[in-house]
Amino acid sequence: MTDTAPLPDTDPDLVNALRALSNPMRLQMLRWLREPERHFPTEKAIADPAEVGVCVSHIQAKAGLAQSTVSAYMAELQRAGLVRATRVGKWTHYKRDEERIAGLVAELGRSL
Numbered sequence: 001m002t003d004t005a006p007l008p009d010t011d012p013d014l015v016n017a018l019r020a021l022s023n024p025m026r027l028q029m030l031r032w033l034r035e036p037e038r039h040f041p042t043e044k045a046i047a048d049p050a051e052v053g054v055c056v057s058h059i060q061a062k063a064g065l066a067q068s069t070v071s072a073y074m075a076e077l078q079r080a081g082l083v084r085a086t087r088v089g090k091w092t093h094y095k096r097d098e099e100r101i102a103g104l105v106a107e108l109g110r111s112l
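The sequence shown stops at residue 112 when you use full-length UniProt numbering, and every number in between is there.
There is no bait here: all hints are sound.
Taking CB as the label site, the calculated pair distances span:
1) Ser71 <-> Ala50: 16 to 26 Å
2) Leu108 <-> Gln28: 13 to 23 Å
3) Gly109 <-> Arg84: 20 to 30 Å
4) Glu51 <-> Leu112: 33 to 43 Å
5) Gln78 <-> Asp11: 13 to 23 Å
6) Gly109 <-> Val88: 27 to 37 Å
In case anyone wonders, no lab produced these hints; they're calculated from the structure. Even for Gly, the Cβ is constructed at its ideal location relative to N, Cα and C.
The task is simple: from the sequences and hints, build the whole structure.
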């Protein structure tokens, strides 16, 4: 019998982040958001992608997935603390939380 309960010293935030990143498309979306000007059309943006983030409709178009799927994926990344959401009018824009990502990378290094 194997024990799947987390170890007492395992950071639950790290576990949630790793779970969010276990989906290849969510991982790809996070990669795209690292360089938004390179991966998304800035001429169609209603807000500065580097400052505010990328509109979910642009992420959806690039991913080629249903809007509901992309929204669910981005919500998972947000719950894991990997992205921040900002509303601009009726649209939600997503931006990586670089400070949080760096902290999780450091915690992963300490944990392993």
